[in-house]
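Participant: Letter by letter, the chains look like this.
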Amino acid sequence: ELKVEQNPLFLSMQEGKNYTIYCNYSTTSDRLYWYRQDPGKSLESLFVLLSNGAVKQEGRLMASLDTKARLSTLHITAAVHDLSATYFCAVEEPNKWGGADGLTFGKGTHLIIQP
Amino acid sequence: AAGVIQSPRHLIKEKRETATLKCYPIPRHDTVYWYQQGPGQDPQFLISFYEKMQSDKGSIPDRFSAQQFSDYHSELNMSSLELGDSALYFCASSRGQGAVAYNEQFFGPGTRLTVL
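Residue numbers (this note's numbering), protein chains in the order written: chain B, 51 to 165; chain H, 124 to 239.
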């Protein structure tokens with residue numbers, strides 16, 4: 051059974067600070083996604099990481115994937131209040147047709163950025 | 124760009140009633156996924172369909188069933204509703220199985236189901 055573990059689950063930080071969210075998973079998958087969710091809202095896709103060593107950046111967020119360590123990180127640089135949200139990582143296990151089955155999500159990191 | 128459409132957006136039901144949630148995927152997407160997210164929880168995969176056939180099954184209760192129609196829209200049917208079924212239900216869609224390297228899932232706005 052695929053397990054996805056995120057840490058920390060709760061994070062309160064000051065604006066302007068840097069921090070990293072970690073996502074460990076138990077399978078050999080090389081397909082990992084990061085999503086943002088605001089309260090009561092849908093899941094917004096942030097990053098799609100498809101290979102070992104993949105690094106993607108968008109604004110103050112940067113995600114990376116190490117498939118050998120089964121670890122992905124989401125790094126926040128110089129945090130601003132607007133980044134307050136819950137962040138989920140999700141792992142995809144390819145099916146026998148090479149397509150995708152349901153995603154397995156981590157528990158989420160509830161991020162609060164205080165002015 | 125067109126997104127995944129879900130209806131209704133909000134639904135209130137009594138215990139033991141039935142509910143039907145609908146999902147209209149992004150045009151040209153042939154795969155649909157259903158997820159359930161309880162309060163403060165992570166989304167849990169329920170079931171998926173590709174070309175109208177069930178392609179994967181997750182933690183879907185026996186009281187629930189789903190299908191995908193010829194126009195690729197999908198319906199999740201929920202019977203004998205329980206208080207614990209109160210949750211956000213998301214539908215996601217993707218394009219292609221096998222012929223593409225990966226299938227990014229795009230999520231709809233969700234249906235909030237409240238069981239009283």
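If you are wondering where the hints come from, they were derived from the structure by calculation, not from laboratory data.
If you're wondering where the values come from, they're calculated on a predicted model, not measured in any experiment.
Any given hint could be a false lead.
[Unchecked claim] Calculated cross-link-like contacts (lysine to aspartate or glutamate; reagent style EDC-like; alpha-carbon spacing at most 16 Å):
{"no.": "1", "chain 1": "H", "residue 1": "Lys-180", "chain 2": "B", "residue 2": "Glu-143"}
{"no.": "2", "chain 1": "B", "residue 1": "Lys-91", "chain 2": "H", "residue 2": "Asp-165"}
{"no.": "3", "chain 1": "B", "residue 1": "Lys-157", "chain 2": "H", "residue 2": "Glu-227"}
{"no.": "4", "chain 1": "H", "residue 1": "Lys-180", "chain 2": "B", "residue 2": "Glu-51"}
{"no.": "5", "chain 1": "B", "residue 1": "Lys-53", "chain 2": "H", "residue 2": "Asp-165"}
Participant: Against the earlier hints, flag every one the structure doesn't satisfy and list their numbers going up.
Facilitator: 3
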